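Chemist: Spelled out, the chains give:
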Amino acid sequence: MAVYSRLTPLFIVTGFLGSGKTTLLNRMLRHPSLKDAAVLVNEFGAIGLDHFLVEKMDENTVLLESGCLCCTIRDDLKEAIIELNSKRERGEVPRYRRMIIETTGLADPSPIIFTLNSDTVIKHHYRLGSIITTVDAVNGLKQLKRHVESVKQASVSDRTVLTKTDIAEAEDVGRLRSKLARLNPSAELIEAVHGEVDVKSLLRADIYDPTTKGAEVRRWLYEEAHSPHDHAHGHDINRHDEHIRTFTMTFSDALDWTAFGIWLTMLLHAHGEKVLRVKGILNVKGVDAPVVINGVQHVVHPPMHLKAWPDRDRRSKIVFIVDDIEQDLIERSLAAFNAVADAA
Amino acid sequence: MCALCGVLIDGPHWTEAGTDMGRSDDAPRARARYLERDYRISLINHVLGHYGCQARDWAGNQYVVQNISGGASAVVVNLPQLWEALENFTRKTADPLDNELIGSLERQAGW
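From first to last, the protein sequence lines stand for chains A and B.
The numbering of the first sequence is my numbering, which starts it at 1 and goes up by one.
The numbering of the second sequence is my numbering, which starts it at 1 and goes up by one.
Keep in mind the hints are simulated off the structure, nothing from the lab.
Please note that the accuracy of each hint is not assured.
Think about it this way: if two alpha-carbon atoms lie no more than 16 Å apart in a straight line, the pair counts; the simulated EDC-like pairs of lysine to aspartate or glutamate are [as the list claims (entries may be wrong)]:
no., chain 1, residue 1, chain 2, residue 2
1, A, Lys274, B, Asp95
2, A, Lys142, A, Glu171
3, A, Lys285, B, Glu36
Since the model is a prediction, treat every value here as computed from it, not as a measurement.
Can you make the complete structure from the sequences, with help from the hints?
Modeler: Written out as structure tokens, the structure reads:
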């Protein structure tokens, strides 16, 4: 088994058509800390990437028999990563220490995440880093309203970069920030000022880096606590899309890990396509340190232990971004599964 | 890791792997893993009982799911496959948000 801390982090840059992914990527690649990054793109766009190692992947997807779209294998991505890895091992390309994957504007990020989590070779050499999503401040509100891909890209984001803020109306920027914070309260919102962005803030910590995961959890708990959703009721119905709901469930008593696993797999089995994101920190019975869970539709990332709680709050908190599922029902269901474990 | 396609993914399902996918030293040891498995099956049977089905361990790494009345059975390796088998037996969606299932679990818990 590879030593986890030595795995190459994979950063995903996604965002809707024209939202400035390539511009952001160009800025990122000029930063000294990314001199040693390999880049995978779907197409060589009009703005060329000036970097030592840029490879193209051809869209080639394999739909699995289950017909579950979020678990589609992206063969192109898999082959491109494995090929680059082989070349690195043979010394045919520089020894890159990070990889950045730029998706197409219409890409649903779920199959990419599934592919990275499901291939044996990839799992032994790479780990997921952060998901960075660009959102165009001029058109972002419309795109979130009209295009489910745009909602999914914002839902899976760890760092959301607002682009074109210099040409957007201040009021629109404010409304978009508020909407994004309600949609995905744990994502950090970063404004690109005149196209410039603090690259270090994009890469400084990620949830899968053993040395920074505690800080990252602390950050998203802070973002979640300070997001504009209604804590009195614990949920928000996004005004622009009444079907998408974001809410945080909080549990004071420790949860039974086994019951939670049974419950979550059954929930995702029945409703995975409607669970755009589930992310949380759990106080698990009999365990001192918290467990972090992170899932996108049917795909659940490997759960992780933190070494310590990020603050004094010992409650379990689970953020859900769902399409047309009631919070009350999810809460009652998990409570019932947990109660059976308590009574067992 | 996928709730539907777990069979296509190597390594243990996330519910059985411990945290950090067994990479950290807190991954359950063999004895603890068996105890955990027994406990998991006992909890699963609270759910399956609502549908007239039950599960038992097979060789420490698979589950036998059985329709109690019909006698049909299936061998599965993880929870996603178990829900699939349950649906094949019952022709119902294995849905944790189903009010009847929730009510059944609440009664079993003595609520």
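Chemist: Run every hint past the structure and note whether it holds.
Modeler: Okay, the hints, checked on the actual structure:
1. A C-alpha spacing of about 13 Å is found between lysine 274 of chain A and aspartate 95 of chain B, which places the hinted pair at or below 16 Å, so the restraint holds.
2. For the hint linking lysine 142 of chain A to glutamate 171 of chain A, the alpha-carbon distance of about 14 Å falls within 16 Å, and the restraint holds.
3. Pair hint lysine 285 of chain A plus glutamate 36 of chain B holds up; C-alpha atoms about 13 Å apart against a cutoff of 16 Å.
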